[in-house]
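Residue numbers (the numbering used here), protein chains in the order written: chain U, 103 to 212; chain X, 175 to 287.
Watch out, some of these pointers could steer you wrong.
Here are the simulated DSS-like pairs of lysine-lysine, each with C-alpha atoms no more than 25 Å apart in a straight line [unchecked claim]:
#, chain 1, residue 1, chain 2, residue 2
1, X, Lys-275, U, Lys-199
2, U, Lys-211, U, Lys-172
3, U, Lys-169, X, Lys-183
4, U, Lys-169, U, Lys-199
5, X, Lys-188, U, Lys-138
6, U, Lys-172, X, Lys-275
7, U, Lys-158, X, Lys-275
8, X, Lys-183, U, Lys-138
Just so you know, the hints here were simulated from the structure itself, not pulled from any lab data.
On a predicted model such as this, the values are computed, not experimentally measured, just so you know.
Okay, here's what each chain looks like letter by letter:
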Amino acid sequence: GEDVEQSLFLSVREGDSSVINCTYTDSSSTYLYWYKQEPGAGLQLLTYIFSNMDMKQDQRLTVLLNKKDKHLSLRIADTQTGDSAIYFCAEFNQGGKLIFGQGTELSVKP
Amino acid sequence: NAGVTQTPKFQVLKTGQSMTLQCAQDMNHEYMSWYRQDPGMGLRLIHYSVGAGITDQGEVPNGYNVSRSTTEDFPLRLLSAAPSQTSVYFCASSYGTGNEKLFFGSGTQLSVL
């Protein structure tokens, strides 16, 4: 079946790196995404990775994909208080649907 | 550009009442969808549409109806509200039906008493 799993909470100190992990079950997924949700708002696309890539870097964000283990991670370097939000992993599968994980609430302490 | 506009932002219903959540986008997107967000469960797809006149069911369609008479609008109807439908509802759209970036509305917080 289709399932995307994330841990629910992560707490880091300002300036540290944050790593948010995600596992998925559909090995035929073509694209994998990270969305960010700030309080009281909808989701915004942060970054995405195509399934034939291992890594993608975009400024402070690094996405790592381990296709063998069906594991996706998002690393935020030099985490700031403005990065506090809920982060959702999502996979676009060959059924043509976008399946979201439960979301990881990132708390950044000064 | 307004993007994806949802109304209302908040709504309280009594069990058994019906209502329509409105969603409109001004980006000429073909694909529109409705999700509900519940604590610890992420976003679950209710219904989606790949173009005007075409709708299909997502993961949790029961208790909800949709229609897509125009490209711009995709209303979600609750026929007889139940407490289990208390949730935050998000409308989202994208240009195509593939891997395109989804644009989300700001959400409707619905409470059913």
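These are the hints, each one checked on the structure:
1. X:Lys-275 x U:Lys-199: This hinted pair holds, its Cα atoms lying about 13 Å apart.
2. U:Lys-211 x U:Lys-172: 30 Å, violated
3. U:Lys-169 x X:Lys-183: 39 Å, violated
4. U:Lys-169 x U:Lys-199: Between U:Lys-169 and U:Lys-199 the Cα gap is close to 19 Å, so the pair holds against 25 Å.
5. X:Lys-188 x U:Lys-138: 32 Å, violated
6. U:Lys-172 x X:Lys-275: 22 Å, holds
7. U:Lys-158 x X:Lys-275: Between U:Lys-158 and X:Lys-275 the Cα gap is close to 17 Å, so the pair holds against 25 Å.
8. X:Lys-183 x U:Lys-138: 20 Å, holds
Checked against the numbered hints above, the structure breaks hints 2, 3 and 5 and satisfies the rest.
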